[in-house]
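For the sequence shown, counting from 1, position 377 maps to 377 in our numbering; every step adds exactly one.
Hint data in this document are derived by calculation from the structure and do not stem from the laboratory.
One or more hints might be untrue.
[To be verified] DMTMM-like mimics (lysine to aspartate or glutamate), calculated; alpha carbons at most 25 Å apart, straight line:
hint : residue 1 : residue 2
1    : Lys254    : Glu241
2    : Lys91     : Glu154
3    : Lys347    : Glu466
4    : Lys106    : Glu128
5    : Lys106    : Glu180
6    : Lys254    : Asp301
7    : Lys347    : Glu377
8    : Lys347    : Glu233
9    : Lys106    : Asp220
10   : Lys109    : Glu128
11   : Lys254    : Glu274
12   : Lys91     : Glu103
13   : Lys347    : Glu432
14   : Lys106    : Glu221
15   : Lys109    : Asp144
16   : Lys347    : Asp384
17   : Lys131    : Asp304
18   : Lys109    : Asp304
19   : Lys164    : Glu154
20   : Lys370    : Asp209
21   : Lys109    : Glu224
22   : Lys347    : Asp258
23   : Lys370    : Asp384
Predicted model only: the values in this text are computed from it and were never measured.
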Amino acid sequence: MIGASLAEIVAQSGGQLLTQSPLEMGEVRLSGVSHDSRVARNGDLFACISGDQHDGHLFATEALRAGALALLVERELDDAVPQVVVPNVRKALGPVAASIYGEPSKHLKVLGVTGTAGKTTTTQALAEILKSCGESSSSMGTLDGQRTTPEAPELQRSFARLLKSGTDWVCMEVSSHGLELGRVDGTHFAAALFTNLSPEHLDFHGDMDAYFRAKRRLFDERTETAIVSVGDEWGRRLARELGTSREVVEVDPKLIQDPRVTANGATFMWRDQEIETTLVGYFNLINLLMAAETLNALRFDRADIARGLRQVQPVRGRMEPVSVARSDVCVLVDYAHKPAALSEALKAARSITAGSVWVVFGAGGDRDQKKRSVMGEIAAGLADEVIVTSDNPRSEDPADIANQIIVGTQRGRARSQIVLDRADAIHLAIGEAVAGDLILVAGKGHETHQTIGEERRPFDDVAVCEQALATRLEGRS
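Using the sequences provided together with the hints, build the complete structure.
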């Protein structure tokens, strides 16, 4: 049942209730929870989060005017409404939100996918295979909005809505930020998947060990079964540390037998099942393997899993082929915006073309600067032609970002240049490539905007690639 009393909120949060009347402990019933005063609704508990940029306590009055009935706070406010005081609102918010929305994840089968790379494709594959097996499933993650993992109120509200709609399975991406900031606290997972770990978000976590510990949080008592890829040292460490504390399924890449990867997809054998897929790149076979091994551990029929694997469609912006009629070059758009992901995408590109490999990419502004020269070195070491351009520069000068990347390219063999306008860079690469070449446009993938300063401008890599291919054909006709 949706809703919770103040007494239940106090019990769930371990907080102290400040109220004008003891009767309100049972009489005030909260029907929702919000942390943004702009979307607060009648009957809400308003959570006053103290963030890096904003202090939610300053917006409590606005939330109350919108209809909020009580506050979750870290310090007493002057507002004459019930207030539950806790040491850390963010830490308390997950369990409190889950309680208000009726603990929906306990009535769903939630599969959480974490790791540096592969979360989106693995999550989408899980949802699609489940549907092919006749199950009602939904997916949540990067493709849905700005945050990979929503804040706890939105997450629990989504779970409640999915439960009401008759959904049985929810496949979701779980980011390190989401874990570190408690967004999935209060969520019960039928299984949690670990794909891999490589340097990313170190501006937030500090170092790789802290990054690993954030990911490891998903595999605590909230999770029944752990599905761990042991293809890297971090996965092997996680499997060792979990030990016998719960069911741990170790996924070895060697389970992929006889892989054959082309520009049109791949074939491979999995547990005596022959699989043909339109997904491009060996690393995508690892993502499919993670999905398959998860459902195998959950006792689905292997023949049904194999049938579902064959039906999995490419994810938008993940090694997505872009073509027009009579095109004589191969163009792929990928979300790779981290060193390891860029490396894997370029290796995949090299494996499926006999021509030259071009890469067009940049790096996001206001994010980890240490990775920029590293990505430049990777690009120049694995591609033949490198065009450094703008990604989402945000508040930074695009030229400064590009110059940091180009320093790394000097350690590689490829010819490198800077073209700051992203559309111009894409047109240049596709226009100058020769027949049989492959052009990888990396970094933005599925995104349909570019953030420059405070402005979000419409921009779609796939659409620009299509335009560039059409222009190429016109110039050759």
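Check each numbered hint against the structure and report the violated ones by number, ascending.
none
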